[in-house]
Amino acid sequence: MDRAIKTTIKISAFITFGVLFFIIGYILIMGLPNLDLSLFQLKYTTENVSLFPAMITTLMLIFLTLVIATPIGIFTGFYLVEYAKKGNKRVEIIRIATETLSGIPSIVYGLFGMLFFVIRLNFKYSLLAGALTAAIMVLPLIIRTTEEALLSVDDSLREASFALGAGKLRTIFKVVLSVAMPGILSGIILSIGRIVGETAALIFTLGTATKIPEGLFSSGRTLALHMYVLSTEGLHVKESYATGVILLIVILVVNGLSTLLSNKLTKGNENE
Amino acid sequence: MKSKSIENFMKIVFFISATMSIIAIVLICIFIFAGGIPFIQEYGLKNFLLGTEWKPNNTPSSFGILPMILGSIYVTIGAIIIGVPIGILTATYLAKFCNKKIYKFLKPSINLMAGIPSIVYGFFALVVVVPIIRNIFGGTGMNIITASILLGIMILPTIINISEASIRAVPRSYYEGSIALGASHEKSILSVVLPTAKSGILSSIILGIGRAIGETMAVILVAGNQARMPAGLAKGIRTLTTNIVIEMAYAADEHRQALIATATILFAFILIINGIFLTIKRRTNNG
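Order-wise, the sequence lines are chains V and F.
Residues in the first sequence are numbered consecutively from 6, following this note's numbering.
Residues in the second sequence are numbered consecutively from 1394, following this note's numbering.
Take the hints with a grain of salt, since some may be wrong.
In silico BS3-like links for lysine-lysine, alpha-carbon gap of 30 Å or less [claimed, not checked]:
1) Lys91(V) / Lys179(V)
2) Lys1497(F) / Lys1591(F)
3) Lys173(V) / Lys1404(F)
4) Lys15(V) / Lys1591(F)
5) Lys15(V) / Lys1580(F)
6) Lys1500(F) / Lys11(V)
7) Lys1628(F) / Lys243(V)
Part of the chain F face toward chain V, derived, beta carbon under 8 Å [to be verified]:
8) Ser1396
9) Ile1405
10) Phe1407
11) Ser1410
12) Leu1420
13) Phe1424
14) Leu1482
15) Ser1511
16) Ile1546
17) Thr1609
These aren't lab readings, by the way, just hints derived from the structure by calculation.
We put the beta carbon where it would ideally sit given N, CA and C, even for glycine.
Take the sequences, apply the hints, and build the full model.
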């Protein structure tokens, strides 16, 4: 009986990790040979199906989204951990709001972005509309990781700083933040992963134009959107594989970095 | 004096930032509900929810979303059947059966699994799972079974991470007490630790359901997307989410409103699921 239980558990774990590594291996092996130099030409044409404009658009979107979401997310973390009193009603409402936000499917974000940013505010399909939508989407993630990182900072550090005469703001920026930084960074890096992989929230906000956006109010497509359009058209399987490989590599790097940083955070605390 | 005013100013800045997520959720509610409810009122809630025909191009057009509601429910049940047992057992493995060295490698792998873009999952299912299902069941290979397998895989990280945390949160003394009574390691975990962690495991399943219902771009590629009543496990279906994406690009007027109303219904589903999740979580934390 014990043996059977143990075997079932081990088989389940094997299936989970087997599937994961099979997916990664399959996409890499099938995709890497398709990474042709012609895919990296400056301009997209129906002949070269270049993914280069999509790469640049992805980078632009990441940058713009983080510029919007990072300060708001980190400041919210500051407020929740450093300023608000425990059991405060306001804190409770903010918590419920962020938790609800993190459960909303990306297609609902996408539709909201379309109704609000694209139509009501008349941004059209644009980099700005896409970035604002994506910013709301990653906000809960940044808030949560910031909160966790701040909470992991030992209170004695804050007290020492106060005792030396530093004000609250100075304590946060000079003492708390420097200790909590790796945790906050790992949250930001995970957000990059979310933005890179997002499709449903962007298709009706950023749009799917094939060129590099010329400005905030110009449309484009990210790598993930590019891959979606190619997969639904079904004409460019090779190019889909190639885009998949790039997406996967980005996600591997992003997750590796974030793991490294959060390990650093736990290690830093153990040493104290 | 000056530093004091900066302190106060920044305090206000932090507070305003914190209210942003409330503003966001309120705006989302307003726009999604205001966009859909007028159409639902005009068309009739009953006709909309229970109508079995989605024919936007007919005259007069019919907008019944029951096929899509059932489609979403079926693939979600399928995903639960596939994902939940494997997920919970994998979580048990991570928490109680694997040594530290392997864990250091496997835990980040689960996070990686959560980070893989849904389009990559969908594409993988399209090129690998669809042909296999086509060989076994015939047809196009794009059907409830394929979508369930895909979603079952995609909800694994959610279920594993939350279940594992709740299994780890069970006090060690429970396990030790069971061992002291002569039960084996396996038996103690199965009949003492897992039942104690059940509310955490339950909330992981609920969150998994939310993920499965909300997933869009991966499902589009493998579900077949026929807007008709589900006709069998090996037949194609359309879900609420995919209905929106497929037709929004060219929809106009009433059709477009019907799609936004579809999102309203989807959003209502998600809010209910989230509410259940938050209630369970709060009760666990307080109890």
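Now the hints, each set against the structure:
no.	hint	in the structure
1	Lys91(V) / Lys179(V)	24 Å, holds
2	Lys1497(F) / Lys1591(F)	25 Å, holds
3	Lys173(V) / Lys1404(F)	10 Å, holds
4	Lys15(V) / Lys1591(F)	20 Å, holds
5	Lys15(V) / Lys1580(F)	15 Å, holds
6	Lys1500(F) / Lys11(V)	20 Å, holds
7	Lys1628(F) / Lys243(V)	28 Å, holds
8	Ser1396	6 Å, holds
9	Ile1405	10 Å, violated
10	Phe1407	4 Å, holds
11	Ser1410	3 Å, holds
12	Leu1420	6 Å, holds
13	Phe1424	5 Å, holds
14	Leu1482	3 Å, holds
15	Ser1511	7 Å, holds
16	Ile1546	6 Å, holds
17	Thr1609	4 Å, holds
Checked against the numbered hints given earlier, this structure breaks only hint 9.
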